[in-house]
Amino acid sequence: MREAVDKKNMQLARKLVLIVIAMFGFGYALVPIYDVFCDITGLNGKTAAEAVSEVNYEIDLNRDITIEFVTSLNESAPMVFRTETRKIKVHPGQYYTVNFYAENTTDKAMVARAIPSITPGPAAEYFKKTECFCFTEQTFEPRQSKTMPVRFVVNPELPTKYKTITLAYTFFDNTKISVK
Amino acid sequence: MSAETAEHDDHHDHGPAKGLLRWIITTNHKDIGTLYLVFALVMFFVGGLMALIIRTELFEPGMQFIEPQFFNSMTTMHALVMIFGAVMPGFVGFANWMIPMMIGAPDMALPRMNNMSFWMLVAGFVLLISTLFMEGGAPAAGWTMYPPLVLQTGNALPFAIFSIHLMGISSIMGSINIISTIFNMRAPAMTLMKMPLFVWTWLITAFLLIAIMPVFAGAVTMLLTDRFFDTSFFDAAGGGDPVLYQHIFWFFGHPEVYVLILPTFGIASTIIPVFARKPLFGYASMVYATAAIAFLSFIVWAHHMFLVGMPLAGELYFMYATMVIAVPTAVKIFNWTATMWKGAMTFETPMLFSIAFVVLFTIGGFTGLMMSLAPVDFQYHDTYFIVAHFHYTLVPAAIFMLMAGGYFWLPKWTGNMYDERLGKLHFWLSAISVNILFFPQHFLGLAGMPRRIPDYAVQFTDWNMISSIGAFIYGFSQLLFVYIVYKTIKGTDCEKATDEVWEDASKHGLEWTIASPAPYHTFLTPPEKIPTEHY
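Heads up: the sequence lines are chains A and B, in that order. All residue numbers for the first sequence refer to the numbering used here, where the first residue is 25 and numbers rise by one. All residue numbers for the second sequence refer to the numbering used here, where the first residue is 404 and numbers rise by one.
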C-alpha cells in the first residue's frame, strides 16, 4: 500500500517537473514570440533595421505631415548628438533628406550605435528609410565628428488620423561590447 | 534562524528526535509547518521594520533620516521580504500543517523534499539579506526589477538574482509536494469535491506556482546574462527591448498576486462557516470561482503596463479582461456574506479578522477595479493610489488571514487556548490602525503623490503624517501577536483546548476530530468517515 502510493507520488512529481522545465523554456520562448508579435502588428514603434529600396510613390500634395526629430544619448554616452532639422512638414510619397550631427568627445576610438523609435508606434510601418546611420554601428576616431544623412519617405497609405510622427534616435556607446 | 528554532524547541517535546538537530533533519509535516510559520513571522518583522523606516522618512517632507538610495533599497527589500519571505512561507506553513490533517493523510507526499524546500528558502534569504551590508547597498530598483535601471545595481544584483532562484526552486518543490499530497494521499472517502476549500485553493495556487516561478527564474536569468555575459535581451543597443522584460515579469507577476490571495480565500472559507455555524454557502461555486480567477490571472498581465505605449486594442483588451476578474471575486464575497446570513454567529478573534478581511478586501478590490480602467490608470499609475490598493489587498487580507489562521489553529497545534481578551485587543488595534495607515494613501495618490520617492511636496504632509502614525500603531500592535503566541505555546495559565476546540467544529473538518494538541503522527490509517458540513 505504502509503496504503491510512493510510486504514484514519484510519477506525479516527475510529470510536474516536466511542466516546470517547459515553463522555464516558455519564458525564453517569449523573447522570439515578442519580436514576431511586434513585427506582425507593428507595435512598439520599431522601424525596419535595413534600408528599403527607393520606390516611386504618388505624391499626395494635399496632405501635410509633421515629422519631428528627437536625439538622445544613453547612459550619458560621451558624445555630442543633435539633429540639424528639428521638424519639417512633408507630403506623403515625397523623399526627404535630413542631417544629424554626431561627435566623439573622447580621445579614444569609439563604436556607437543609434537605435530609432517611432511614435505613434502603429505609424512605424509607413515610415520608410532608404538611408540611415542607424542601420550599422558607427565607428568614430578620437574627437571625430560626422554629419550623417537620413533619407526617408512616408508611405501615402498612412491612415489619415496620423498628423505628426516623431522619430527618436538614441545613441548607445557600444565600444566595450563591440571591440573585443 | 538558530535563535528562533531554539525558542520553539520546547513546545514540541513529543517528537522522536531531541535537540536542535531535529529541526534541521525533520521530515515531519508538522515540524516543517512550524519552521515555515516561524520563518514567516520573523520575516514579517524584518519587512515591517523596513516599512517603518520608510514611514519614518515620509513623516515629514524633505530628507530627514536616510539617504535616497537607502530609501529605495528599503522599498525594494520590503516588498521582496514581505512577498517571498512572509506571506508565501506563511501560507506554505499552514499548508504543511493542515493539508495532511484536513484530507486524512499521514504526512506530505514527499517529506524529504519538504525539508529541502524549507532550507533552500532560508539560504535564499541569507543571500538576499546579506546584500544590505554590501558596498553599493541592497537592490534599489523596485521589487519588479525593471531594466535598464536594475542593471545599474552594484554587487547586490547577482545575489538578489540567485536568491530569487533559490526561493523559486523552494516554492516549486513545495508546490509539487502539495499537488502530490492532494492527488495521491487523500482518505478514500475524500473525493475532490469534498475537500475543504483551503485544500482546494492551495491546489490551484500550487499549479499557479509551478507555471509562473520558472518564467520568473528565466526573466531574472536574462537580467543576469545581460549584465555579465553581454547578451542583449533587454538592451536596445543590441537589438533587445526593455519593455519585453515587463511583459515577461508581469506574466509571472500577475498570477503571483493570486498566489498571495487564493490561500487567503481558502482560510476565510474555512473559518467563516465554523463561527457562523452553517455550511459554507455555494461550495461548488467557490471552487469554480477560484479556478476562474487562476485562469484569468494568466491573461491580464499588461494592465500593469498601461503606460508603456500599447496600442488601443491592447489597452482595451487588457482593460476588459481585468474587469472580468471582478465577477468570480464578487461570487466569493457574496458567498462569504451569505454564509454569515442568519448564522448563529459568535465573534472570536479568528472570526473578527475574517469579517474585517471580507470588508477591507472589498475596498481593495474596488480600487483595483478603478485602476483596471486604462484611461484613469494613466493618472493613478505609480502613485500612492496603487500603493493603497495593493496594501488593502495584502495587509487586511493576506496578513489578516494569516493572523486569523494562527488564532484558529493554534489551540489545535498546542492544545492550549490563546488569550481571547488579548486576541481581541490585537484585532481591534490592527483593524483600526491599518485603516489609519493605508486609507489616507488613497487621497495622496489621487492628489498626485508618486510612489518610491523619499521626498514630497508640502501639501501632502498631513495625510503622510497620519499614515505614518497608523504605521507605527499597526507595527507595534503586531508584537502583541508574538506575545499571545508565545503565551499559548508556553501554556501556563492558559485554558486547555478541547479536541474540537470550537463549538461543533468537528462537523467542518477532519482536523477537529483528532486530539489537541495534535499528536506527532496523525491519520496513520486513513479515517473512514469525513465530516460533511462544509459543502
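Calculated from the structure, these hints are not laboratory results. Hints may be right or wrong, so weigh each one.
[To be verified] Not the full set, but computed from the structure, chain A residues with beta-carbon under 10 Å of chain B:
| id | residue |
| --- | --- |
| 1 | Met47 |
| 2 | Pro102 |
| 3 | Met103 |
| 4 | Pro144 |
| 5 | Glu149 |
| 6 | Tyr150 |
| 7 | Lys170 |
| 8 | Asn198 |
Ideal Cβ placement from N, Cα and C applies to all residues, glycine included.
Legend entry - Met47 (chain A) as an interface hint toward chain B, with CB separation required under 10 Å: holds (4 Å)
Inset, instruction - Verify the interface restraint on Lys170 (chain A): the C-beta must sit less than 10 Å from at least one C-beta of chain B. - result: violated (18 Å)
Legend entry - Interface hint outcome for Asn198 (chain A) [beta carbon to chain B under 10 Å]: At 5 Å from the nearest chain B Cβ, Asn198 (chain A) passes the 10 Å test, so the hint holds.
Legend entry - Given hint Tyr150 (chain A) near chain B, where the shortest CB pair must fall under 10 Å: At 15 Å from the nearest chain B Cβ, Tyr150 (chain A) fails the 10 Å test, so the hint is violated.
Legend entry - chain B contact restraint for Met103 (chain A) - C-beta distance below 10 Å: The hint is violated - Met103 (chain A) has no Cβ within 10 Å of chain B, the shortest such distance being about 13 Å.
Legend entry - Interface hint status, Pro102 (chain A) versus chain B (Cβ within 10 Å): violated (15 Å)
Inset, instruction - Would you check whether Pro144 (chain A) satisfies its interface hint, that is, whether its CB is within less than 10 Å of any CB in chain B? - result: holds (8 Å)
Inset, instruction - With chain B as the partner, please determine if Glu149 (chain A) meets the hint condition of a C-beta pair closer than 10 Å. - result: The hint is violated - Glu149 (chain A) has no Cβ within 10 Å of chain B, the shortest such distance being about 12 Å.
When the structure is compared with the earlier hints, violations turn up for hints 2, 3, 5, 6 and 7 and for no others.
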